[in-house]
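S.K.: Listed below are the residues making up each chain.
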Amino acid sequence: MLDQAEGYVTADGRKIGGVVMEMKNITLRFGGVEAIKDISFDIREGEIRAIIGPNGAGKSSMLNVISGFYIPQVGQVFYKGAPRPPMKPFEVARQGIARTFQNIALFEGMTVLDNVMTGRLTHMKTGLWGQAIWKGKAEAEETANREVAERIIDFLEIQAIRKTPVARLPYGLKKRVELARALAAEPSLLLLDEPMAGMNVEEKEDMSRFILDVNDEFGTTIALIEHDMGVVMDLSDRVVVMDYGKKIGDGSPDEVRNNQDVIDAYLGVSHD
Amino acid sequence: MSDQLIYASEVFLNGLMAGVLYALVALGFVLIFKASGIFNFAQGVMALFAAMTLVGIQSGQVPFAHLINAVFGTKIHHFGWEVHSIIAIILTVLVMILLAWMVQRFIFRHLVGQEPIILFMATIGLAYLLEGVADLMWGSEIKKLDVCLAEGTCLPQGINLAIDEATFNLFGYGFFIDNLDITATIIAILLVTALVIFSQYTKQGRAMRAVADDHQAALSVGVSLNYIWILVWSVAGFVALVAGIMWGAKSGVQFSLSLIALKALPVLMLGGFTSIPGAIVGGLIIGVGEKLFEFFMSSGDLAGALFGFTMNATENWFAYVLALIFLVFRPQGLFGEKIIERV
Ligand SMILES: Nc1ncnc2c1ncn2[C@@H]1O[C@H](COP(=O)(O)OP(=O)(O)OP(=O)(O)O)[C@@H](O)[C@H]1O
Ligand SMILES: [Mg+2]
Chain A
339 MLDQAEGYVT ADGRKIGGVV MEMKNITLRF GGVEAIKDIS FDIREGEIRA IIGPNGAGKS
399 SMLNVISGFY IPQVGQVFYK GAPRPPMKPF EVARQGIART FQNIALFEGM TVLDNVMTGR
459 LTHMKTGLWG QAIWKGKAEA EETANREVAE RIIDFLEIQA IRKTPVARLP YGLKKRVELA
519 RALAAEPSLL LLDEPMAGMN VEEKEDMSRF ILDVNDEFGT TIALIEHDMG VVMDLSDRVV
579 VMDYGKKIGD GSPDEVRNNQ DVIDAYLGVS HD
Chain B
1397 MSDQLIYASE VFLNGLMAGV LYALVALGFV LIFKASGIFN FAQGVMALFA AMTLVGIQSG
1457 QVPFAHLINA VFGTKIHHFG WEVHSIIAII LTVLVMILLA WMVQRFIFRH LVGQEPIILF
1517 MATIGLAYLL EGVADLMWGS EIKKLDVCLA EGTCLPQGIN LAIDEATFNL FGYGFFIDNL
1577 DITATIIAIL LVTALVIFSQ YTKQGRAMRA VADDHQAALS VGVSLNYIWI LVWSVAGFVA
1637 LVAGIMWGAK SGVQFSLSLI ALKALPVLML GGFTSIPGAI VGGLIIGVGE KLFEFFMSSG
1697 DLAGALFGFT MNATENWFAY VLALIFLVFR PQGLFGEKII ERV
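As you go down the protein sequences, you meet chains A and B in turn.
The opening residue of the first sequence carries number 339 in my numbering; numbering runs sequentially from there.
The opening residue of the second sequence carries number 1397 in my numbering; numbering runs sequentially from there.
Just so you know, these hints were derived from the structure itself, not from any lab.
All values derive from a computational prediction rather than experimental measurement.
Glycine included, each C-beta is placed from N, C-alpha and C at the ideal position.
Keep in mind that the hints are not guaranteed to be accurate.
Stated by the list, open to error - If you anchor each label on the Cβ, the simulated ranges turn out as follows: (1) A:D492 x B:I1578: 42 to 52 angstroms; (2) B:Q1612 x A:E540: 47 to 57 angstroms; (3) A:E540 x B:I1582: 40 to 50 angstroms.
What the hints assert, rightly or not - In silico DSS-like links for lysine-lysine, alpha-carbon gap of 27 angstroms or less: (4) A:K353 x A:K512; (5) A:K584 x A:K426; (6) B:K1539 x A:K512; (7) A:K501 x B:K1471; (8) B:K1539 x A:K463; (9) A:K501 x A:K512; (10) B:K1471 x A:K426; (11) A:K473 x A:K501; (12) B:K1471 x B:K1539; (13) B:K1430 x B:K1540; (14) A:K463 x A:K473; (15) A:K463 x A:K362.
As the list claims (entries may be wrong) - Here are some chain A residues pointing at chain B (derived, C-beta under 10 angstroms): (16) P427; (17) L444; (18) E480; (19) E488; (20) D492.
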C-alpha cells in the first residue's frame, strides 16, 4: 500500500503525494531529560498524520521541533526534499508552516477578524516605504488579504463573532479562532497540537469535520496531536505513536491499533 | 472670583502645553514596554541624546572631538560648516535607528527571557552609559536649539499675540501662551496621529501589535521579534527626538533634560504602562494638575483665604503624590489593563 516515492491512495480514495517533511534521527534533550530519542518519520503531501502517545511522551516537543521552537541536538529535518538548517520559528512560519498551540496562543486583545488578519502577515508583501508611497497598491493588497480572511471565517462558521475581542470567547471557540488564524497563512503544512482538548462531544465533532474539510477542500497537509483514540482513528491516514520519547509505532490506524507495543503503552498508563 | 477664574483658565492652558511634553516622554516608555516588557528608564536620556546630536550636527561640531584631540594631539572642534535643520533631523533619526539597533544587538538580545527587574536594571545602565556617551560626543555645555525650515521660518518664540489680544478683548485680561507651546502641541498631535495610522494600517504596525500581545503567537505567524524590537526602539527614539527638540527649544539643550523622564513616571502610574491614550491623558492631567495646584496653593486670595496659609514649589512633588494616590486606589492606571495574576 505504501509506495515511498509516489505516495498512496487512501481507503476513501484520496491521493496522497510524496514526502513533504521528513524527520531523520531526531534527538532532543532538556538538560538531562531526553524528550525525543532518535525518532524518524515523514509526512506526505495531502495526508492527515497523527502523533499520539501518553502524557509526557514528547509529542508537543516533536511539533515544536518541526515548527522551529525547539532545535534538536541530533538529527536533520528535511522540508520539501531539502535539508533545513536550524531556523527561528518565524522563519519556519514564512516557509509555509502554520501551527496552533496546546495551550492556545491568540492575540487576546484583538478581535477575531484581527487575529485572522494577523495570520496573513506572511502574505503582506509591500514594504514600509512602499505602503507610504503607493497607497493604492497597499490598499489592494489589504483588500485581497481581507477577502481570504473573511473566506476562512465563513468556512469555520465564526462570522457571528468576527468583531468580538478574543479574550471574551469561550475555550472551544478560541480553539477554532486559532485554527482560523493558522489557516489564514494558507500553509502547505498545518500543525495542530491537541485541537480538540477540553472540548465536549459536539465541539469535537465540529472540529473533526473542519479538519477533514480543510484537508479535503484546500488539500492542506496536516499533522496533529490528539489523545482521543476514536477521533484519531476517524481522522488520520497514518499514525506515529510515541512513548517516553521513543517511537513505538508507525502506520495506518489499523496497523497501529493492533501493534502490541502500542497496546502495552496505553494499558500501562492511565489517561484523563 | 471671576478674575481668579480667568487667571485659572490661563494656567489651565499652560498646564496642557506642559503636559504635552510629559505625554511624549511617557509615550516612548509605553511603546517599548508594550512590545518587550522592558521598562525603559533611559527614555529621558534618549531625548537628551537626540537633542544634543541634533544640535551637534546642525552646528557642524566634530563628534568625540575631545577624545580625538587627546589621542592624536589635534585641535579640531568644528568642521566649519552648518547643516540645514531638515538634513540634521534626518541624520539624527538615522543615529537614533543605529542606537536602537545597537541597544538590541549588544544588550537586550542577550537578555531575552530574563526577569523584568533585570531588564529594568539594564536600562538604568543604558541611561548612564548614554549620558556619558552624549557628554563625550558633544560636550556638556548648555546649547541653544533652533530648528529652521528655511531662512526666517524657525520654531516660533515668544508670546502668541493673537491669543493675547483676543482674550484681552474678551476678558479684559490677555492670556500669555507661548508660541512654542502651541507649535509643540500641534506637532505632538500630528505625531500621535501618524503613530496610530502606522500601528493600525501598516504591516509593520500589525506585527508590532502582535508582538505586544503575545510573543509566541507572533512568532507562529512569521514575525521576527528581533526586528520588531529594533523597530520599536527606533520609533521610541524618534518620539524622544521630538520631545528633545521641544524641550531644547524652550530651555536649551542641557543635562537636566533627562530629569523630565522622572516626571514621566507619575504620568505612567496615572495612564497605565500599556496604554497609549493613557500616556497622553496622563501627561495632560499631570501638566494641568500641577500648574493649577500651584496656582491655587500659592495664591493668598485662594488657599490663603481658605486655609490661612499658602505653599510654593508644589510642582516639585504634586505629580508624585497624585501618582501615589492612584497607585493605592487604581494600580492599573486610568486605561491600563486590569492586573490579574493568572493561576
Ligand atoms: N521547555 C522545556 N523545558 C524542559 N523540559 C521540557 C520542555 N518541554 C518539554 N519538556 C519535557 O519533555 C518531555 C516531553 O514533553 P511534551 O510536552 O513534549 O510531552 P507531550 O507528549 O506533548 O505531553 P502531553 O500529552 O501532556 O501534552 C516532558 O518530560 C517534559 O517535561
Ligand atoms: Mg503536549
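S.K.: Against this structure, judge whether each hint is valid.
M.R.: Status of each hint after checking the structure:
no.: 1; hint: A:D492 x B:I1578: 42 to 52 angstroms; in the structure: 51 angstroms, holds
no.: 2; hint: B:Q1612 x A:E540: 47 to 57 angstroms; in the structure: 29 angstroms, violated
no.: 3; hint: A:E540 x B:I1582: 40 to 50 angstroms; in the structure: 57 angstroms, violated
no.: 4; hint: A:K353 x A:K512; in the structure: 32 angstroms, violated
no.: 5; hint: A:K584 x A:K426; in the structure: 25 angstroms, holds
no.: 6; hint: B:K1539 x A:K512; in the structure: 56 angstroms, violated
no.: 7; hint: A:K501 x B:K1471; in the structure: 66 angstroms, violated
no.: 8; hint: B:K1539 x A:K463; in the structure: 44 angstroms, violated
no.: 9; hint: A:K501 x A:K512; in the structure: 14 angstroms, holds
no.: 10; hint: B:K1471 x A:K426; in the structure: 50 angstroms, violated
no.: 11; hint: A:K473 x A:K501; in the structure: 25 angstroms, holds
no.: 12; hint: B:K1471 x B:K1539; in the structure: 21 angstroms, holds
no.: 13; hint: B:K1430 x B:K1540; in the structure: 34 angstroms, violated
no.: 14; hint: A:K463 x A:K473; in the structure: 13 angstroms, holds
no.: 15; hint: A:K463 x A:K362; in the structure: 33 angstroms, violated
no.: 16; hint: P427; in the structure: 4 angstroms, holds
no.: 17; hint: L444; in the structure: 6 angstroms, holds
no.: 18; hint: E480; in the structure: 8 angstroms, holds
no.: 19; hint: E488; in the structure: 17 angstroms, violated
no.: 20; hint: D492; in the structure: 20 angstroms, violated
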